[in-house]
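Undergrad: What follows is the residue order along each chain.
2 protein chains.
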Amino acid sequence: MREAFQEELESIHTTLVKMGSIVAESMAAATKALLEPNLELAQKVIKEDDTIDDMQHELDARTMMIIARQSPVAGDLRTLVTSLRMSADLERMGDMAHHVAKLARMRYPNCAVPDELRDIVINMNRVAVNIIEKTTKSIDTRNTTMALELEKDDDEMDKLHRRLFEILMDDKWQYGTEVAIDMTLLGRYYERCADHAVSVGRRVYYMVNGEYNTAN
Amino acid sequence: MREAFQEELESIHTTLVKMGSIVAESMAAATKALLEPNLELAQKVIKEDDTIDDMQHELDARTMMIIARQSPVAGDLRTLVTSLRMSADLERMGDMAHHVAKLARMRYPNCAVPDELRDIVINMNRVAVNIIEKTTKSIDTRNTTMALELEKDDDEMDKLHRRLFEILMDDKWQYGTEVAIDMTLLGRYYERCADHAVSVGRRVYYMVNGEYNTAN
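Just so you know, the protein sequences line up as chains W and S, in that order. Per this note's numbering: the first sequence = residues 1 to 216. Per this note's numbering: the second sequence = residues 1 to 216.
Treat the hints with care, as some may be off.
Partial pick of chain W residues on the chain S-facing surface, computed with a CB cut under 8 Å [as the list claims (entries may be wrong)]:
#, residue
1, Q43
2, I46
3, A68
4, V73
5, L77
6, V81
7, Y108
8, L117
9, I120
10, L168
11, M169
12, A180
13, T184
14, Y206
15, V208
No lab work stands behind these hints, which were simulated from the structure alone. For each residue, glycine too, the CB sits at the ideal point set by N, CA and C.
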């Protein structure tokens with residue numbers, strides 16, 4: 001029984017890592033679809049979001065069943081409850097990739113991103129994908145140092161986000177309000193996605209240590 | 001022991017309802033602060049968000065402790081796990097009120113909302129506060145009919161949200177990009193807040209019936 005329980009915990013862990021990988025791929029693909037622009041790829045990401053949602057529902061049902069059947073305590077219970085939280089964050093991160101892909105589709109065959117903002121979008125995507133991958137790795141290895149580094153990585157995202165707003169609000173902005181709105185929302189998708197990843201990192205720390213990090 | 005357990009469940013229930021009430025008040029106050037504009041009130045809402053965050057942390061710790069100590073099954077376990085989800089949604093709804101208040105503060109002593117958008121902001125706030133109050137009531141009474149109505153109420157929000165974008169993207173828009181960006185984000189705060197409330201409604205349904213509603 002104990003062994004079966006450990007296998008179940010392991011399988012939840014594997015699913016969370018898998019969800020993280022899919023989210024990272026989805027975000028990278030969504031940005032690619034946005035910048036090329038590539039309708040087929042955008043559709044693929046939009047469809048993939050259902051996979052992530054299904055994984056979350058399935059994972060949560062499984063987690064609850066384990067809690068009900070095994071009455072876990074202390075560290076195991078913490079792992080299980082934290083898993084519920086992580087899966088919710090990962091699902092929201094998937095939604096952000098989904099939003100990026102929907103923007104690509106909505107403006108197709110045009111590219112939603114004006115040339116002037118191409119670099120900043122490439123960078124926001126890079127930082128987002130890095131953070132998602134690092135988050136996934138910190139879940140996988142239960143590495144709390146890595147999990148805490150995410151807060152610093154997120155500072156780079158915040159810088160890019162501020163820079164984006166500066167460009168949008170500059171008097172020289174020449175692409176009109178519709179593009180400004182698209183880019184405001186787009187910036188928020190990357191930024192929110194990174195925020196959720198940082199939140200997952202905090203939960204890794206909590207899962208391992210039984211308390212939240214209060215050092216920063 | 002059984003009686004103490006029921007008391008603990010009851011106290012979680014009371015806290016969730018209390019959180020919902022505070023969120024509704026915060027959103028109403030944040031919008032008031034935004035439209036007057038009123039710096040003192042904005043500061044109050046910003047501070048109040050810490051209260052909501054603290055309530056969530058305390059509630060979650062309590063819920064986990066109950067799960068650990070009492071090993072609840074079936075309906076009780078479902079109520080407890082659903083409570084964890086609801087508290088996360090309610091906390092995010094509080095964040096949205098917090099964002100509205102921060103916009104009020106950022107643009108003070110100016111009013112962030114141009115005259116032309118005043119009505120639509122008043123309406124988005126009205127719909128958001130109504131939805132939050134109805135959600136809170138559906139938690140309180142475990143009324144699933146009410147919980148399911150929320151989806152329809154949210155249609156009104158979506159309509160207002162689309163109308164807002166139409167105005168922002170109209171050629172006659174005269175307030176520049178900065179205001180358009182502010183209003184894009186503001187619209188999203190109300191709309192996201194309502195979305196989270198709808199999600200809480202779905203969880204009320206799940207809590208009562210043990211499955212999600214698939215009728216719509």
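Undergrad: Tell me the hint numbers this structure goes against, listed in increasing order.
TA: 1, 2, 7, 8, 9, 14 and 15
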